[in-house]
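Chain E: place on chain W using the hints.
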Amino acid sequence: MNALDWLVLLITMVGIAAYGAWHTRHTDHLDTYLKGSKTTRWGTIGISVMATQASAITFLSIPGQGFESGIGFVQNYFGLPLALIIVSAVFLPIYRRLGVYTAYEFLGSRFDAKTRLLGASLFLLQRGLAAGVTIYAPAIILATVLGWRLDLTIIGTGLLVIVYTVTGGSEAVNLTQKWQMGIIFGGMMVAFLILLARLPAGLGFGGAAHIAGAVGKLQAVDFSLDPDKRYTLWTGLFGGLFLSLSYFGTDQSQVQRYIGGAALREGRLGLMFNALFKIPMQFSILLLGALLFVFYQFHPAPVFYNRVEWQQHAAGSNGPTFRALEEKNARLHAAAQEKIRAWLDIRERGDAAAEHTARAAMLAAEEATEAVRKEAKAALITADPLAKTKDSDYVFIGFILDQMPHGAIGLLIAVMIAAALGSKAGELNALGTTTTIDLWRHFRPLAAHDEARNVHVAKWFTAFWGIIAIAFALFAGFAENLIEAINIIGSIFYGVVLGIFLVAFFLKEVRGTAVFWAAIVGQTLIFALYVLRHWFPVLDISYLWYNLIGCVICVGLSLMLEFVLRHGTGPAPAN
Amino acid sequence: MQSEAMPRSTNTQMKSPPSAPVAQASRLCPPAPASDESPGVPGFRTWRGIYLFVFLCFVLAVAFLAAFSRWFA
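Protein chains in written order, with the working numbering: chain W, 56 to 630; chain E, 583 to 655.
Pulled out of the complex, with its shape left as it was, chain W reads as follows (with noise of 0.2 Å):
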């Protein structure tokens, strides 16, 4: 990065958060505080969902997870706009009619505070869990490429996001995604173009998705019923419809950014803003990715993409072995050259024997290339048990700093920086406003009344979990794959969540007590089911089923603990 690269990342970041700190500055209402403005119209909203559920991990891991593993990861998003249409229709007017400022509100009402408290806790567990990876996540990558003090960017960005977020609450976080957002469109936008042009003279993206299409990387839909595979149109509509009806329908990250606004015609354009364009933009990113595999072809391909932790190793004991290992991979990089180069030209010709042969070729040749890398892998856990072997994160970081030109490199890490401060700025608001409202008024009653004070509680409270995901992020360790962590960990929450909602919305037979202990011992069953799958492979299920099994678990025994209740003590009062 050059003095161009700071000075465009350093206005965009910036000059961003003191415009929502600034602008939002004398917000003292409570209901604008936690809720936005009220004339908040719904492309505002619509963007504001968007930017909170893509984090800088988005921009970061999927690229990568497009490079790596193809374009399926894409089926992940399938139940997503049938979920929303459901939170559109369903959630979306009862919460508004009843006027809450948590999603949590509702469950005391409909059934006790303990079960308030519960679904309150379960938000601020995993949420708060979320939120140390949602800051750690890009800070690592960045620091790590840019050769920045790991510390002090978590510090950095944590802060940043905590000066407008607790200033402006809700009102700066919608006003700052809306230009963090025009940021992270214009910039992947860049990089696209950038990468189209950096491809060979005449491949163009027909050729290059030919190309990519032909090693696999371009399966978008698996109609495989194997429950063993991670993502396929079956996961991806059932775990997924689960696992996006928890997320926008009960995690108050979301629900905040939706509940508020002019009228429900607002938040529920802003739904369907997202349940129309998510699919397109995440097959965007993976499309990026899978292209980048195509770059890397036909230019010079690091054996590990995370060179840094590569050369850490290679300038050790182990630096022949390492040596030998680049050498053999470039060996048989410039092997795969020469074969995708042969079969495309023999496609080009239309001869279907030849081409059959010249593709099988290829694919061989594709193969040797990844054993090497594996190979480079296994070499560095030789060298280092605790090495970090997962280098796809760093494939499109990698790329930024490489091919883009001085000035785009800012506006790429800005891109990164933020999607960082748009999901961390909802998740600080969203915690924020559960533990004054379900918490803190919960055992203050009296202090409800006092809207000013109720101000100063959730500006403390935004600015106390700040500082837990700064803390957590900076001594915690993480899982490799970042964007799997934080579904990993959204999953083992979301499906009991959901459950307790579903209970509360369609079966009004169910009362407080059934639901809660259902909740308690479904929570407990899907860690058990989490934890036990090291030793029981045939536990060892795609996380995505987690929502679906957690919240059929909460559903099924609340039915079951509802008709124990009624019929083992008598009629209970009504809650």
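Keep in mind that the hints were calculated from the coordinates and are not lab data. A couple of the hints might just be wrong.
[As the list claims (entries may be wrong)] Heads up, incomplete: computed chain E residues facing chain W, CB under 10 Å, no partners named:
#1 P624
#2 I632
#3 F654
[Said to hold, decoys possible] Below, computed lysine to any residue pairings styled on SDA-like, alpha-carbon distance capped at 20 Å:
#4 W/K394 / E/F654
#5 W/K93 / E/G622
#6 W/K383 / W/A426
Since the structure is predicted, the reported quantities are computational estimates derived from the model, not experimental observations. Built from N, CA and C at the ideal position, the CB exists for glycine as well.
Using the frame of chain W, we list chain E on its own:
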């Protein structure tokens, strides 16, 4: 871009404690039917129409992705 420079909320009335505004919630199950408020979107008279449109777009997106996979396989 839509300006957010709106005057601060004129609603200075403090909200009641959380239990008050949700007092009628227990009567909301099964959920109340969707509001009959017009979506105010050209070409759509009901929310049901919008949901159907979004669902059809989703089906088309999946079909496009499946065709995309086959085309470039």
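- Task: May I ask which of the numbered hints given earlier this structure violates, with the numbers listed in increasing order?
- Result: Going through the list in order, the structure violates hint 1 alone and respects the others.
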